[in-house]
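K.L.:
Each chain, letter by letter, is given below.
Number of protein chains: 2
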Amino acid sequence: MPIRYPNGKKFIQKRIPDKKKSDYKKDDSFSNRGMSFEDDIQESNEYYRVHEKAVIHKKPTPLQIVNVHYPHRSAAVVTEAYFQKPSTTDFNGVYKGLYIDFEAKETRNKTSFPLKNFHAHQIEHMKSVLSQQGIVFVLLHFRIHQEIYLVPGSCFIEWFDNKDQARKSIPKKEIEKNGIPVSTGYLPKIDYLAALDKWLHNQ
Amino acid sequence: MPIRYPNGKKFIQKRIPDKKKSDYKKDDSFSNRGMSFEDDIQESNEYYRVHEKAVIHKKPTPLQIVNVHYPHRSAAVVTEAYFQKPSTTDFNGVYKGLYIDFEAKETRNKTSFPLKNFHAHQIEHMKSVLSQQGIVFVLLHFRIHQEIYLVPGSCFIEWFDNKDQARKSIPKKEIEKNGIPVSTGYLPKIDYLAALDKWLHNQ
Numbered sequence: 000m001p002i003r004y005p006n007g008k009k010f011i012q013k014r015i016p017d018k019k020k021s022d023y024k025k026d027d028s029f030s031n032r033g034m035s036f037e038d039d040i041q042e043s044n045e046y047y048r049v050h051e052k053a054v055i056h057k058k059p060t061p062l063q064i065v066n067v068h069y070p071h072r073s074a075a076v077v078t079e080a081y082f083q084k085p086s087t088t089d090f091n092g093v094y095k096g097l098y099i100d101f102e103a104k105e106t107r108n109k110t111s112f113p114l115k116n117f118h119a120h121q122i123e124h125m126k127s128v129l130s131q132q133g134i135v136f137v138l139l140h141f142r143i144h145q146e147i148y149l150v151p152g153s154c155f156i157e158w159f160d161n162k163d164q165a166r167k168s169i170p171k172k173e174i175e176k177n178g179i180p181v182s183t184g185y186l187p188k189i190d191y192l193a194a195l196d197k198w199l200h201n202q
Numbered sequence: 000m001p002i003r004y005p006n007g008k009k010f011i012q013k014r015i016p017d018k019k020k021s022d023y024k025k026d027d028s029f030s031n032r033g034m035s036f037e038d039d040i041q042e043s044n045e046y047y048r049v050h051e052k053a054v055i056h057k058k059p060t061p062l063q064i065v066n067v068h069y070p071h072r073s074a075a076v077v078t079e080a081y082f083q084k085p086s087t088t089d090f091n092g093v094y095k096g097l098y099i100d101f102e103a104k105e106t107r108n109k110t111s112f113p114l115k116n117f118h119a120h121q122i123e124h125m126k127s128v129l130s131q132q133g134i135v136f137v138l139l140h141f142r143i144h145q146e147i148y149l150v151p152g153s154c155f156i157e158w159f160d161n162k163d164q165a166r167k168s169i170p171k172k173e174i175e176k177n178g179i180p181v182s183t184g185y186l187p188k189i190d191y192l193a194a195l196d197k198w199l200h201n202q
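Chain order of the listed sequences is W and V. Here the first sequence is numbered in numbering that gives the first Met the number 0, starting from 0 and rising by one per residue. Here the second sequence is numbered in numbering that gives the first Met the number 0, starting from 0 and rising by one per residue.
So here's chain W without its partners, still in its complex pose:
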């Protein structure tokens, strides 16, 4: 049974509690810097689930397991495993019969959003989902400005595919123009479904 806070919110143990903040800056290959933003999205997903608005989950971090020990009959301990790059986006689920698929990232940049934390195979996944008529988007968080934008997948894919030719990041102005602002609050913390409704309504 999950441990819960008095307000019913699930207690989620941080993935790597003993990792120092300074470690994150050394290595760009993991997207751990987005952790608290991800936590907030997971809380919002929990709110949506409990209130029967949507069923959206974060996929577990893929690990390549190399060694497992069995000290007891019932407990298996993984003693050697390596982080793998995910082949899909982090979040997916169902909302009013629609298949929903998205990736969430944040930056401390003030004027543009770097694309380096998105992988080419994630973009391939987004394209495949679009061709199956799924709903695809990205949530981009400007941490300094405390602004979040929902950018439609087709738009984001266009930016990414032009990345090598033109630029390694997207100007904030362009995100403001093409994205839908996501309002934040107490419950849910990040109301991205409201932004999604706006987008779908205007299509």
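Among the hints, erroneous ones may be present.
A pair holds if it fits inside one copy or across any two, identical chains being indistinguishable in the list.
[Claimed, not checked] Here are the simulated lysine-lysine pairs, DSS-like style, with alpha carbons at most 25 Å apart:
1. K167 to K115
2. K57 to K84
3. K188 to K176
4. K57 to K104
5. K115 to K104
6. K58 to K126
7. K95 to K57
8. K115 to K95
9. K126 to K197
10. K126 to K57
11. K84 to K58
12. K58 to K172
13. K188 to K167
14. K176 to K197
15. K95 to K188
16. K197 to K171
If you are wondering where the hints come from, they were derived from the structure by calculation, not from laboratory data. All values derive from a computational prediction rather than experimental measurement.
Go by the hints and put chain V onto chain W.
P.N.:
Here is chain V on its own, set in the frame of chain W:
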């Protein structure tokens, strides 16, 4: 980059290569016995994906990570982690705009399918998905008979919810009556989307 066989099929390392078959019988809390059935489904998913029929993935095994070492700047090694019970089903994705969600299990029983390998929170997840108009089902594999059935989620949930009152397993006859037979072959190995089409067509 993933390693591939000459036929383009992805090489997927077995999760616990050094675990003996006899170990599985000791502990029912992990569903490792279904591994090769799962592999076949993942190959079928890969076939569907490459042929742009559907985008369906298995979720990574959820692990609670307790310790991580950083021997080099770029390589993180997980040195202590524990298997967690998944809170959702194993497979989900999108097919012709429809949200697809299912669990796959197998048995060596000849006349009935035991329900003990399904967890209550997986059934709760199925109910939530149904309430969002998602497509939910289970794939049940009778290994001795080499027969696979697609059982609609609503039907399976009914069986599971009656479990405590009545029985711990479902008679094969009842599965034959309510399920749709899944044909197997070379490519795809397990053509569950054909069975799904039959079911959706008759609804």
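K.L.:
Taking the hints in turn, state whether each one holds.
P.N.:
Here's how the hints hold up against the structure:
1. Taking the closest pair of Cα atoms, K167 and K115 come within 25 Å of each other only inside a single copy of the chain (7 Å); across copies the shortest separation is 51 Å, beyond that limit.
2. Within a single copy, K57 and K84 get their C-alpha atoms as close as 15 Å, and across copies as close as 15 Å, so both meet the 25 Å cut-off.
3. In this homomeric assembly, K188 and K176 come within 25 Å of each other (Cα to Cα) only inside a single copy, at 23 Å, whereas the closest approach across copies is 46 Å.
4. In this assembly of identical chains, the alpha carbons of K57 and K104 lie at most 25 Å apart whether taken from the same copy (13 Å) or from different copies (23 Å).
5. Proximity of K115 to K104 under the C-alpha cut-off of 25 Å is restricted to the intra-copy arrangement: shortest distance 11 Å within a copy versus 39 Å between copies.
6. With identical chains, the CA atoms of K58 and K126 are at most 25 Å apart both within one copy (19 Å) and between copies (19 Å).
7. In the homo-oligomer, the alpha carbons of K95 and K57 lie at most 25 Å apart both inside one protomer (18 Å) and across protomers (22 Å), since each shortest distance falls under that limit.
8. For a Cα distance limit of 25 Å, the shortest separation of K115 from K95 qualifies neither inside one copy, at 33 Å, nor across copies, at 31 Å.
9. Proximity of K126 to K197 under the C-alpha cut-off of 25 Å is restricted to the intra-copy arrangement: shortest distance 22 Å within a copy versus 27 Å between copies.
10. In this homomeric assembly, K126 and K57 come within 25 Å of each other (Cα to Cα) both inside a single copy, at 19 Å, and across copies, at 18 Å.
11. In this assembly of identical chains, the alpha carbons of K84 and K58 lie at most 25 Å apart whether taken from the same copy (12 Å) or from different copies (14 Å).
12. Taking CA atoms no more than 25 Å apart as the test, K58 paired with K172 passes in neither setting, with 31 Å inside one copy and 36 Å between copies.
13. With identical chains, the CA atoms of K188 and K167 are never at most 25 Å apart, being 30 Å at best within one copy and 42 Å at best between copies.
14. For a Cα distance limit of 25 Å, the shortest separation of K176 from K197 inside one copy, 14 Å, qualifies, whereas the shortest one across copies, 45 Å, does not.
15. Proximity of K95 to K188 under the C-alpha cut-off of 25 Å is restricted to the intra-copy arrangement: shortest distance 21 Å within a copy versus 32 Å between copies.
16. Taking identical chains as interchangeable, the C-alpha atoms of K197 and K171 lie at most 25 Å apart only when both belong to the same chain, with a minimum of 20 Å there against 48 Å between chains.
Comparing the model with each earlier hint shows violations of hints 8, 12, 13; every other hint is respected.
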